[in-house]
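**Student:** Just so you know, the sequences run in chain order A and B. So the mapping is simple: our numbering equals the position in the first sequence, first residue as 1, plus 23. So the mapping is simple: our numbering equals the position in the second sequence, first residue as 1, plus 384.
Read the hints as simulated data drawn from the structure, not as lab findings. Be aware that one or more of the hints could be misleading.
[As the list claims (entries may be wrong)] Distance condition first, Cα-Cα at most 25 Å in a straight line; then the derived BS3-like pairs of lysine-lysine:
hint, chain 1, residue 1, chain 2, residue 2
1, A, Lys-307, B, Lys-593
2, A, Lys-320, B, Lys-459
3, A, Lys-320, B, Lys-427
4, B, Lys-408, B, Lys-459
5, A, Lys-316, B, Lys-593
6, B, Lys-605, B, Lys-593
7, B, Lys-585, B, Lys-605
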Amino acid sequence: MLPESIFVQPRGTASEREIAAREPEKLKLVVVGHVDHGKSTLIGRLLFDTDAIPHGKAESIRKACEAEGMEFEYAFLLDALLEEQEQNITIDTTQIHFAAGERHYVIIDAPGHKEFVKNMMTGAAHAEAAILIVDAHEGVQEQSRRHGYLLSMLGIRQVILAVNKMDLVDYSQARFDAVIAEFAEFLRPLGVTPTHCVPISARNGHNLTTPSARTPWYTGPSILQALDSFVPRPSGEELPLRFVLQDIYRFDERRILAGRIEAGTLRVGDELVFWPDRKRSRVKSIEHWNAAKAPEKVMAGESAAITLTEQIFVERGQVAAHAGHGPAEAREFHARVFWLDHTPLALDQPLTLRLCTQEVEARVIAVQRVLDSSTMEVVNEPRTEIRRYEVGEVILRARRPLAFDNADYVPVTGRFVLMHGRQIGGGGVIYGTTYEQENLPGVKSDNLSWTTGEITREGRVRHFGHHGAVVWLTGLSGAGKSTLAVALEQALFQRGVAAFVLDGDNLRHGLCRDLAFSPEDRAENIRRAGEAAKLMAEAGLVVISALISPYAAERDKVRSICDAAGVLFCEVYINASLETCERRDPKQLYKKARAGEIKGFTGIDSPYEPPTRPEIELCTGEQSVEESLGVLLESVLKSAAKTPAKT
Amino acid sequence: MTHLDRLEAQSLFIFREAYHAFDKLCMPWSMGKDSNVLLWLAKKAFCGKIPFPVLHVDTTYEFPEMMEFREWAVKEYDLDLIVWTNQEALDRGIRYETSDILTVSHELRTVAFQQALQHHQWNALITGIRRDEDATRAKERYFSPRTADFEWNYKDQPPEFWGQFTTEVRQGEHVRVQPLLDWTELDVWRYIQREGIPISKLYFAREGKRFRSLGCWPITKPVASNASNIDEIVEELRTTKVSERAGREQDHAARNAMQLLRAKGFM
C-alpha cells in the first residue's frame, strides 16, 4: 500500500517516445589548447552569450572586478574554486552545460597548463567534439601540439580550430592563414583534419555566435554554427559485437552474465563465442529488472545482463562476439602510448595492463619511436623509456593472451591503460594486429622468467603469476575425478597457471609400486601422494590430485602436511552416488568387484568416508562436466591468486 | 539510445565495477530524489537484488514524510538498512535550536557518517553526487579516493578515463563511487518521470512553495514554485536560474561553505 506522502508517476502517462522526444540531444565538447590562449574566456563568453550564466553571477563578478580595480574577465565565470582565481589557471576539468537552439552542450573545460595533462585526458576522453584554440599572436605552441596529438589518440575527429585573439593581429587574414597552415601541417600525419577553422576574438565576441563584420574575408561559420554541424559520436551499433563481461551474478536461481555492449548488437538466441577461451553458448534471455517486456536485443553502449542456454565457464574480462566476427587474440601487440606519471615507463618493467575489464601483467618489450614532450618531434637517440607527457610507439607483451581489436576498427576494445601503482600511469591504443581465424588453436600462455638471484617463495609467485596449491579431488571410482582433473589442468594452463595432474594410477606405477590395497598400504599411498603434491606446490605448481582417497583421516593428514608448509590445500568432494558410478563404470572395475575378481574395492567391500566439510562439493550426477568445471575453475583461480594463511 | 539511456547505462556500468572491486561496499541513502534514483539504478544493475547495505544517517531532524518513505521503501525494495545516529553529539546537546548550523550539520551528518564508516569498515561508498550541484563537485571523479582522515585531495586527483577507475584502497581509506556524476537535476527528474520512480510529495509545490532539495527540516526552506507535479517540475527546471541548493541554509552560512563542508567529509 503506497503511503499518502509518496508519489509514483503512473506508467504510460507520457509515452516513451514522447519523453524521448523531449530529451534534448547533448553533445560533449572539449576545449583544449595552450595555456593563456583563451580557453576559459571562450567558454565564459559562450555561456554569457547563450544566457547560461546563473542569475546574478556575472553581475557579482563584475562588481568584484571593479572593487579590485581589475578588468572584467569572462574566464572568471568558470573559476569557481577560490584557489583557481588566485592562480588564474584552471586546475582541473569542469563540466558546464549550455544550450543553443535545439542543441544542448556539455563543455569539458580541459586545462592548458602542462602539469594537468592527466586532467585533460580525464575530461577529453568523454568528448565527441573538440575546439582546439590557438593564439593568433603567439601561434602554435607546445600544448597546442600535444593536445592535437592527444585528440588523435582519443579518436576525436570533429575538431574546430579556433584562432583566437584576432583583435591583437588586427583581424589579419594573412596571420590567420599562416597559423592554420602551420597547425594543419602538424595535424595531418596524425589523422586529424580540422572540420572548421574559425578566426575569433573570444573577449570581444567576434565569430562566436554569429559571423562578425570584423572579418569580412571570412565566409565560414561562427563557433556556434560550426558546433551545430557536429553529430554525436556514432554509438558503434554497426560494428561487430563486443560484449565485455564485468561479473557473473548468482543472486537467485539465475546465473547472470553482466557487462556492457561495447560494440554491435546482441539478440536473444545469438550464438556467442567467448574470447580468449572460445567457448560457445547461446543467449537464452536478456534480463531487465522492472521491464514491462523482456528485451529482445541490446545495443552498443548499453549495460546488459544475459543468461545462457548452456552453463559454460565464463569470467570477468572475457569478450563475447558472434562466430566469425571475433576480436584478435595475442600476447604481443603494437601500440601508441602516452605516459602521465612522474616515473617513466621503462622497458621490461612489469605493469598491470587493463583493457576493458581484462587485467593482466604486461611489459614493454620494445620502444620503437618516442616523441619529445615539449616539441612533440621524434627523438633521435635510442630510448629505453617513455617519460612523463611523452608519447611513443611500443611493442607490449602480456603474460597471458588478451582479446582486443585494432583501435581503428573497434575503438573501445582497442585501447588500454597501464597502471602505475594504483593509479593510471598512462594509456594506449592498439594498431596493426592481424586477425586470425577463430577455429585455429588459441594462443598459448607461457611463463617468462622475470626474476633473477635467490629464488624465494615470493619470487616463485612473481615468476608464475600465482601461488602453488594442492587441489585434492576425492570420490568414488567413476565419480568423475580424472575427467575433471584433466579438464581443470587444461583450463588452468590456458590461463597461464602452471598446473599438473597427480593421477592415482600413475603413482602406483612408480612412486608407490611397492604398495598394495590393504588399509595400511592405502594410507601410505595417500601420504606419499600428499608429500609429493606438497613438494610440487612449493615449487610453484597448482597440483590437482585425483585419488579415491577414501579415508577422512588420511585426507586430513595431507591437509596438515600442506598447512605446515604454508601450501594452500583445497579438498574437493566429487559426489556421485554408488549407483551412478556403477552405471558409468568406465574401467569395468565395479563389474569385476561385484564378480569378486577385485577385493577391497571402495564402495563395494571397502568403505568410503565422504568429507564432512570439503572446500568444494560437486554433484556430478546432476551437473554437467562443464558446470562442475566452471565452479571448480572459478574457485581454484581465486585460491591461486591469494596468499595461503600462515601457520 | 537517448540521452537518459546513455546516462543510465554508464551508471549501471559504474555500479557493477564498484561491486566487483570492493568487498565492503555500502550506499548512503537519504530518501531524497537522487538517492531514490540510485536505488532504482542498483536494482537494474543487479537484476532486482541490491547486494550491499544502505545507510541512513538519521540526524533526528528528518521530515516525518521522509521517515514514512523509509519504512515503506525498505519493504518495497527489500533493503538491508543500517541506521546510524551520532548519539554522542546529541547527548552533548548539539541541537539546531542552540548551536550554529555548520556545527550541527558537521556533527549530525558528517561525524555520524564517519562513525558508521569506521564501525562497519566500509572501503567504498556509493553516493549520489552530481557535478551540476555545486562548483566544487564539478571536479569529482566517478571513483574518488578519500584518505584515512576523510580528506578529498581535489588538487591532485587520479586520472580517470576509458572506464578505468581507482579501485585499490589502503587500510583506513575509502573510495566514493559516484554513478550520478554526469547527471543534472533535470536529468534526475526526467528519469523519475520516465521510470515511475517513487518519491516524496514534499518536492511538489503547496501554496506557491516547494522543496527542491531535502535535508534536516530546521534548515531546509522551500523555494517559490507552482510546480505541483513532475511534468511541471521538469518544465520549471528548463527555465529556472535559481540554484538547486538555494533552500539549504548550511550552504550559505559562509562564503565558501560547501568547500569547507566537503573538505571535512560532507557528502
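**Student:** A separate judgement is required for each hint: does it hold in the structure or not?
**Tutor:** Right, here's what the structure says about each hint:
The suggested pairing of Lys-307(A) with Lys-593(B) is violated, with an alpha-carbon distance near 51 Å, which exceeds 25 Å. For the proposed pair Lys-320(A) and Lys-459(B), the alpha carbon gap of about 32 Å is over 25 Å, so the pair is violated. The suggested pairing of Lys-320(A) with Lys-427(B) holds, with an alpha-carbon distance near 20 Å, which does not exceed 25 Å. Pair hint Lys-408(B) plus Lys-459(B) holds up; C-alpha atoms about 23 Å apart against a cutoff of 25 Å.
Using a Cα cut-off of 25 Å, the hinted pair Lys-316(A) and Lys-593(B) is violated, with the two alpha carbons roughly 39 Å apart. Proposed proximity of Lys-605(B) and Lys-593(B) is supported: the alpha carbons are some 9 Å apart, at most 25 Å. Of the supplied pair hints, the one linking Lys-585(B) and Lys-605(B) holds, its CA atoms being roughly 15 Å apart against a limit of 25 Å.
Violated hints for the displayed structure, listed by number in ascending order: 1, 2, 5.
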